[in-house]
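Asker: Listed here are the chains, written in short residue letters.
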Amino acid sequence: MRAKLMGLFLLGLIRLLTGSQARWVGCPPKAEQRIYFANHQSHADLLLIWAALPRVLRTLTRPIAARDYWTRTPFRQWITTEVFNAIYVSRERTADEDPLAPLVQALDAGDSIILFPEGTRGYAEEPQEFKAGLYNLALRFPQVVLVPAWINNVQRVMPKGEVVPVPVLCSVTFGAPVQLRGGEPRREFLDRARHAVMALRDV
Amino acid sequence: MNQYLRALSATEQVGAMFIFVFGCMAVAGVVLLFLSIREHPEGAAEDMRRQRLARASGIMRTSWVMVIVFWISWLSGDVVATVLFGLLSFFALREFMTLSPTRRGDHRSLVLAFFLILPLQYVLVGTQQFDLFTVFIPVYVFLAIPVVSALANDPHRFLERNAKLQWGIMVCIYGMSHVPALLLLDFPKYRGRGAFLVFFLVLVVQTCMVVQYVAARRLQRPPSASAISSSFNWTSWWVGVGVASLLGGLLAGITPFQPGQALVLAFVACVAGSLGHLVMKAIKRDRGIPTWGQQGDGVTGAGGLLDRVDALCFAAPVFFHSVRALFNL
Chain Y
1 MRAKLMGLFL LGLIRLLTGS QARWVGCPPK AEQRIYFANH QSHADLLLIW
51 AALPRVLRTL TRPIAARDYW TRTPFRQWIT TEVFNAIYVS RERTADEDPL
101 APLVQALDAG DSIILFPEGT RGYAEEPQEF KAGLYNLALR FPQVVLVPAW
151 INNVQRVMPK GEVVPVPVLC SVTFGAPVQL RGGEPRREFL DRARHAVMAL
201 RDV
Chain C
1 MNQYLRALSA TEQVGAMFIF VFGCMAVAGV VLLFLSIREH PEGAAEDMRR
51 QRLARASGIM RTSWVMVIVF WISWLSGDVV ATVLFGLLSF FALREFMTLS
101 PTRRGDHRSL VLAFFLILPL QYVLVGTQQF DLFTVFIPVY VFLAIPVVSA
151 LANDPHRFLE RNAKLQWGIM VCIYGMSHVP ALLLLDFPKY RGRGAFLVFF
201 LVLVVQTCMV VQYVAARRLQ RPPSASAISS SFNWTSWWVG VGVASLLGGL
251 LAGITPFQPG QALVLAFVAC VAGSLGHLVM KAIKRDRGIP TWGQQGDGVT
301 GAGGLLDRVD ALCFAAPVFF HSVRALFNL
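Keeping their order, the protein sequence lines are chains Y and C.
To convert, note that position 198 of the first sequence is 198 in the numbering used here; the numbers rise steadily by one, no gaps.
To convert, note that position 155 of the second sequence is 155 in the numbering used here; the numbers rise steadily by one, no gaps.
None of these hints come from the bench; they were simulated from the model.
Keep in mind that the hints are not guaranteed to be accurate.
DSBU-like cross-link-like pairs, simulated, lysine-lysine; straight-line CA separation at most 35 Å [to be verified]:
hint, chain 1, residue 1, chain 2, residue 2
1, Y, K4, Y, K30
2, Y, K160, C, K281
3, C, K164, C, K281
4, C, K284, C, K164
5, Y, K160, Y, K131
6, C, K164, Y, K160
7, C, K284, Y, K160
Working from the sequences, and respecting the hints, build out all of it.
Answerer: Rendered as structure tokens:
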């Protein structure tokens, strides 16, 4: 109940501040298993994609949270598990642990996920090179639909180091699904995926 | 009829006005419905007609929303009305700022504009401190915004960025806040009838815009400022302002003005509103956008709000000050 109220509050807040407009350009919102991958410029990115999805899809789609940061206090842990139903991944690599294991588990269970393949937030105009995670997941789950998304304007809402957000209209543009071709090299696929995201900027 | 209306109390009169407006809009809606189901041979002319109808029903939808907002704000009293117009200001300013690129150094100034200046201006309206209300933004905020920007330590395009901020605040907050101020203006022997003044202003300015638009289509004169607006020309402008001023003179009965005063005040409001609309169009051309909404259709419903209210934002302050000067309020 509290989680639901918190979800509604966050949803209202993000709509008031950004309008959180979803533009489904390349595919309709549909309840199939998907990996949404997008550019990453701000902490609010995740919230914005989450708010832009229709309510039914929102419950099926799980964002990813860094374990060390988001489990440090009880409140952070509560909000990521109860409100966002997030998947925790560890940022520091240990030899015996596959960093993708929690994602694989979630995809095996039939959930959709939101992924930022750049790994960290970028502050340049263009997204950084994509990390290999997207490729590995695409290879392992060929039936999951890969949907590129471009998040526009969010960096203006809350630049790095600021606490108070500013109201600016933002939008999330969802493009046509990208597929891993048979035998396509890793770098080629990741570049193609990155360009699919960047192409949505000017739609 | 006239005497019957005059015998009603202020509340009943305003209620009657809303019944009249809702009735007119219902009639217009029925006419639109009949136009849309009438059969026509297919072809290019039919497509044009469909587009015109779609645009007309778009305008109808916005008008319904606006009228219902006015109605609710009147029903629930001055405080709610002030808050509602504050929200309109907020959404309009959000649109303006979205399409005026700012830099990271402007963040604090934007926070100031949205979360301090906007609420303060509406508190000043609500508490009827009209002397401070009219100078708060042009004097104090004018100075405060560049100070905050300078402290952000970013000289890049400093004047330009500050001008954008000041403009957004002036049009979206200062201009808009004069509409609820009209509601609260204290006329002798005119208590509780502020809604009529707002109605008078909105109706007159909107009539001016519509007549001007229709006249420009029919008359087909060469545009006076072709790089800015393909439709604006002085002939149709005079037609629009003239018709709306006459309407204002006829509506004198619902205002505290004499017919001559009503005509002049309507004229002043229309000149400010229609030319303000032209100025906002010039800003849009500068930014290379057709409307203030987000590109494509505004799914959020907030898209393009500023396109609809910009004339009002320019007309309201001028109208407000003329009225105050005329009546020594």
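Asker: With reference to the structure, classify each hint as holding or not holding.
Answerer: Against the structure, the hints come out as follows:
1. Taken as a hint, the K4 (chain Y) and K30 (chain Y) pair is honoured in the structure, with Cα atoms around 23 Å apart against an allowance of 35 Å.
2. At most 35 Å may separate the alpha-carbon atoms for a hinted pair to count; K160 (chain Y) and K281 (chain C) meet this at roughly 34 Å.
3. Under the criterion of a C-alpha separation no larger than 35 Å, the hint pairing K164 (chain C) with K281 (chain C) is consistent with the structure, at around 15 Å.
4. Only pairs whose Cα atoms come within 35 Å are accepted, and K284 (chain C) paired with K164 (chain C) is accepted, the gap being roughly 13 Å.
5. Of the pairs offered as hints, the one joining K160 (chain Y) and K131 (chain Y) holds, with about 23 Å between alpha carbons and a cut-off of 35 Å not exceeded.
6. As the CA atoms of K164 (chain C) and K160 (chain Y) are separated by approximately 23 Å, the hinted pair is consistent with the 35 Å bound.
7. With a C-alpha separation of about 30 Å, the suggested pair K284 (chain C) and K160 (chain Y) falls inside the 35 Å cut-off, and the hint holds.
Going through the hint list in order, the structure satisfies each hint without exception.
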